[in-house]
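Listed below, chain by chain, are the residues.
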Amino acid sequence: MSRIETLEGALRRANRLVALVLGVALVGTVLFVLIDVIGRKTGWGSLGGSDEISGYVMAAVASWGLSCALLDRAHVRIDLIRQKLNDTGQGLMDIFAMIVTNGVVLLIAYQCWPVLQKTIERGSRANTPLETPLWIPQGIWFAGWAWFALSATALSLIGIAYFARGKRAQLANTIGLGSELDQ
Amino acid sequence: MIWTVAASLLGLMALSIPVGIVLFILGIGVGEFYSAFPLLRGLGQVVWSSSSSSTLIAVPLFVLLGEILVRGGVAARTYAALDKWLSWLPGGLIHANIATATMFSATSGSSVATAATVATVAMPQAEKLKYDPKLFSGAIAAGGTLGILIPPSINLIVYGFLTETSIPQLFSAGLVPGILMALAFVVVTALICKARPALGGPSRSFTWGERLRSLVQLVPIIILFVVVIGSIYAGWATPTESAAIGVVIAALIAVTLGNGLGLATIAEALHGTIRISAMIMLVIAGAYFLNFAMTSAGLGRALTELLENTGLSPLGTLLLVVLLYLILGFFIETLSLMVATIPIIVPIIAGLGYDKVWFGVLMIVLIEMALITPPVGLNLFVVQSARAKGSMNEVILGVIPFVLVMLCMVALLIAVPGLALWLPSIL
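Residue numbers (this note's numbering), protein chains in the order written: chain A, 1 to 183; chain B, 1001 to 1427.
I should point out that these hints are in silico values taken from the structure, not numbers from a laboratory. Computed from a predicted structure; not experimentally measured. From the three backbone atoms N, C-alpha and C, an ideal C-beta is built for every residue, glycine too. Each hint should be verified, as a subset may be incorrect.
Pairwise CB distance ranges, derived in the manner of DEER restraints [what the hints assert, rightly or not]:
1) B/1323 x A/43: 50 to 60 Å
2) A/39 x B/1262: 24 to 34 Å
3) A/12 x B/1203: 23 to 33 Å
A short list of chain B residues far from chain A (calculated; beta carbon distances all over 10 Å) [to be verified]:
4) 1125
5) 1190
6) 1275
One chain only, chain B, in its complex shape (with noise of 0.2 Å):
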């Protein structure tokens, strides 16, 4: 039944019909040849109950947060005053894209937002101070992928919703790996430009009183963060709820240092914010029936002759699901790969004993590389589609680096668990 279900899916989808429409074929393929009863009869009710959920519409309310920051040009000043802090570092502006990618990914969730923003604002000031056009993208491309991974993650909450899997300890979970991946780009960064100075601007140094003054710019959208993250690691809020604080506080910071919230604004954030969020509640529901469909179907039962007859370790299974996703990453999306392989891969790896709060944190990193390489790296183009001038194989060429800190990252989660585990278990 697996490898069917794995072989129609690749195959339905290469047709390119809507995911979500394919996992919703699937479902109904998996009742009319694998199961006993009618599961059709049921297609309606597991609709409902997969979406008439207050987990749930944390996703919409995360998606608005990050329009209105973005659309409110509350990025656009974010980055000016990064880089009053960082740019003395060698690799000078480089730095302020990766660092306002990661502050942005930490508010908004949503990394192709915070890739176009950050391209937007960056790269007029990477031609007007010749940096080259390779690294300098590529860091925006990579730096835009850290939005998946540190909370409040749009993909992790869909991830918890599939799995039955807390969201609060999936999204403490990502925070350690995720700001240690931000680090780790600042520091290869710095090291790349150090040993060709040619690749990296000028360094420039601001005085404190120049840095002190873009404080003004940076502590609300610190504030931000840490009431959304706080406020659910505290107790005090559920993701939904955090999320609805973090929307009322995201509008005071656009209308009170960004450039207003106009009506025509506030119409193309909401319209987007439904466009984004139907298209992942789609893609959700079909998931979720797929899920329920397979199930019923006696997943249990082909899950268990399939790793008996596999005769790998639990360690050279799970390489293979790594295997499988880094070749997946190359053709097929983030949030698309996540939701269609949940049904058939989280059960295998959760069958292995593996725990599936740290499998959710090593499934987006994986995800997370899906973004940004070639042949459909989502932020691949955003990034290349907001560039002047210039070959696509350029900014290909400048996340490699990034890429490979990911790969490393992959092996230190699979080496030491902890790195996503521990977090959760103190708090």
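Chain A extracted, bound-state conformation (with noise of 0.2 Å):
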């Protein structure tokens, strides 16, 4: 096996564990706002802060589960033109559009780090009774962009790496066209 096989079968493996761990976290949601409103119906009062913590959630599962759906060619692209290339021309079309895709990550992932550092520098607390330290939730939600620019780019490398060295089955397999019927 060669080493980009190696580097993408790492990749592959740290981006299912991360879709895990984000599983399990929706799972302790569901768990936590069930609480909360049992808690509310019987009246023995209710945990509060179950909107606010799933919010957070889900800015988690909307930041790092991006590159899970990209390694999984989740991510919809129309295939109007592409269908009509021959395997060359497919090749060339993916290559293209995961590098544009990188490029705006990365843009993405940069102008996300003003939130979390003027949140640190002012030590902002979130406006609601459980005052939670806004540096946690924006924190774990850069480090979900930052991971997605950072598979983009291997992925990007990966994929001209096959390119260059003629493998089309594997280039197809890393970023050509998902489809939905695969999973």
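Got two chains here, each in a separate frame; can you build the complex from them with the hints?
Here is the structure:
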């Protein structure tokens, strides 16, 4: 197995682990919300803050999950022109789409940093009864975008390497057009 | 501005760049070329506020609910139960296809998962009982689309979030048109099979004893639906809370009446949920940023100019929008089509004085059609992949009657807006 394939395998395993952790966090949110609802209905009193916490979990899913979806080729792409091309043409379009994605994701991650930076400088807390120090959820969220940027960069390089070596099948498997039918 | 954005949207998507990324590029472009002040600096804050939302977490929770029911084997058993109740109708099993699709759409909110499940269970039966493959597979593909109209619909949650429309109101607005469409599917199938008996398989009847015993499978799903939807309508729970309750009930059903939930099944369901939710979230964050950029760049002014220049009546503009969705629906998939067009289309429609809740329902019906119109109709591919033989053309021919029903529903909604707006008005 070449070094590229080792790298791709490691990236895949890491992202499967990320997905699992996010999934468990989601189950935790379900239980938390449930306890909150039961508490409110029975009059035992609510723990409070389930709204706020579930928002933070959502932010984590919506940032860390992005790279999992990228590795599974789940981000929707329109296959209108690409499907009419031959293997080389498709490979070039895949690499083009991957590099554009990579550039945009790097830019977004770069622009996300000031949000966290200001929170840390000001020591901002949420305007809620929990008074959550905002650097915690925002730190997790920013790390997710940084991880997405890292995964995208690695995938771009892996894609280019596969293309250069003429490994079209691996290229299609890594950054080609995924289908919901594969799942 | 609007035309440039619309043209770049289609152009960039045709280059097969991921839809969510295209929306970010457009937002950045609008900020650079049309806005007086730099919008890029606001990007991080917009991404944070669009994703840290306790409303949106209903999306992964409903996805998880559906994953549990499907992977836990509940869907397959429901199909068998519905068969006992419905196969006396002309068209036999085809009605079980539609009814299962309707029930699962009503609980899971995912069209593709529903179509995939019904197709896997139903296809072997169809061959054994010698059904005409066209109508049979067409009914599965079309029935699966009901999932995004009958609440709890993920698409309606996303629409509500992006247009700042009440999600409970959208849910109640989708209910009557959704059920009407399911009934219309059944009636159309029965009429076709009455006229051409060769298309349907044998009508079979089961004893009442068999039917009553099958209720064990049906009742829990109905309870799940009533609790999830009822708790939102009654005002006991927010959509997020009802989704959380629904996940727990679904897990209980899968354990007691399905195949159970092993660790491997749970891990698969969670992985699938994260994959689908993240895919949805990238598109939402992109659309949210594009929304922000267009509003900051003076969308209102551009819009007024556009409406004054077209010289069309409000109805004329609306019909143009409908036509646009019909055409785009041939090439672009449901959620992407919806989210990508919301920042441009909904302000136009609202500017003309149309109700946003009503337009949400109309848009969903148009987008359902996109799921089953070739060349890019996701449900067509899903159903085809579950078939052992035969060509894609058979599925495409089979959905034609159902596409016609959908077109009638679009016309009906435009002629009688009360169809969607009556239920929200009395709740």
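Against the structure, the hints:
no.: 1; hint: B/1323 x A/43: 50 to 60 Å; result: 55 Å, holds
no.: 2; hint: A/39 x B/1262: 24 to 34 Å; result: 31 Å, holds
no.: 3; hint: A/12 x B/1203: 23 to 33 Å; result: 51 Å, violated
no.: 4; hint: 1125; result: 21 Å, holds
no.: 5; hint: 1190; result: 31 Å, holds
no.: 6; hint: 1275; result: 5 Å, violated
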